[in-house]
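Visitor: Start from the sequences, fold in the hints, and give me the full structure.
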Amino acid sequence: MAIKFFGHYLLDEGKLTNEQLTEVVEFQSKNNLSLGEIAIREKLLTKKQANLINDKQRSLDKRFGEVAISLELLDELQIEKLLTTQRAEKLFFGDVLILKKMITQEVLTKELTLFEAQQKLDVVELEDIISTIDKENIFKDAISVLQTIYSRVVHDYIKLVKVEKAISTTQGILAMQKMRGDIHLDFAFQPVDPVALAISSKYLKMDFESVDEMVVDIISEFVNVVLGNIAVKFSEGSVKVDLTPPVLIEANKFDTADFYSFDFVTTQGELRVYLKI
Amino acid sequence: MKLLIVDDAKLIHFLVKKILTANEITDIEFQDAFDGNEAIKIAKEFEPDLVLLDVVMPNRDGIATLKFLKAENPEINVIMVSSLGTEDKVAQALKLGASAFIQKPFDEDELCAHVKKSFKG
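If you read the protein sequences in the order shown, they are chains A and B.
Sequential numbering of the first sequence, starting at 0, is according to numbering that gives the first Met the number 0.
Sequential numbering of the second sequence, starting at 0, is according to numbering that gives the first Met the number 0.
Hints in this document: simulated from the structure, not taken from any laboratory.
Quick reminder that beta carbons are idealized off the backbone N, C-alpha and C, glycines included.
Be careful, since some hints might not be right.
[Said to hold, decoys possible] If you want the footprint, here are the derived chain B segments under chain A, 3+ residues with CB under 8 Å: (1) 4-11; (2) 38-50; (3) 72-84.
Guide: Right, here's the structure in full:
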């Protein structure tokens, strides 16, 4: 049981090679233009103005259009036209497969139908597992807050793909923090290095090329932010809790007993969260 | 102006300084403390105009530190900066005299607005 991207599904089914998958993703990334890029092409904005909007957008956590209007660089009608153009020009994964003659239209339609049916089954299965192991929705709330904070900080896609009783750890930094009080929750976070670097780069708005002391510090703080916000969500139901400071643990010394592991995928790679009530 | 940053995460010290400098909030003398006990010790000598204080820290947490700082100097200006913005923590901090509670992750404009307001006040 696992939820995947359509590309990974095709890979597993032997309809696509790893090289083709990379080629399609890179083609999409190069050719699907952002609103700022379209606005520059249409001569509605200069490059400098688009960069200004992008910078503000990141720091304010608002949409491109909202920031452009608030800075009086574009009006609502122009934003609407840009969005329509972007939607019309967008190349979906399947479009690129056809364009590059990697698959026929007939096979694409058939595989998409099979993939969607499989994905619906997997979502139901994941929700069933979580509700069986957690009657009070603590895990569900924790996951939902993690996904919100991750998307807000990294501006990236994050999706839960697997839940199981934790058996062993994977590689990478492992930061852990505990919630105590009305609810006892242990939360451990283990991103693969590219995800750790993506979180760090977005957090400090500067590039990190390797996992150094600062990156480790950022991951600890990220865990603190996530668990703090989980506590805030719980406090809406009059629950009172405190947090211990986050600590780093060597992956091979982490005791997985009584923990459940939650695997997520992002466009940067995988990350795993261990939860124990 | 003197600003004391109290947080066990080094990156918060770096981030706050980076944000304030990028937003041209300059002429600030910074001091760093990484837990509550260190903050109390530094505050006595440094006499900050503003303290940015985390809640979840080793040794002495932010709420206990705030209580101590206010008892020593009721006029000291403290803004809590923490992810643990639960209703009871925010209420407790404000009751003890914190002038604001900024929830992490914070955005640049929010932080700058609070710092500017504190320095003007």
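Visitor: State for each hint whether it applies.
Guide: These are the hints, each one checked on the structure:
no.	hint	verdict
1	4-11	holds (count 5)
2	38-50	violated (count 0)
3	72-84	holds (count 4)
Violated hints amount to a single one, hint 2; each of the other numbered hints is respected by the structure.
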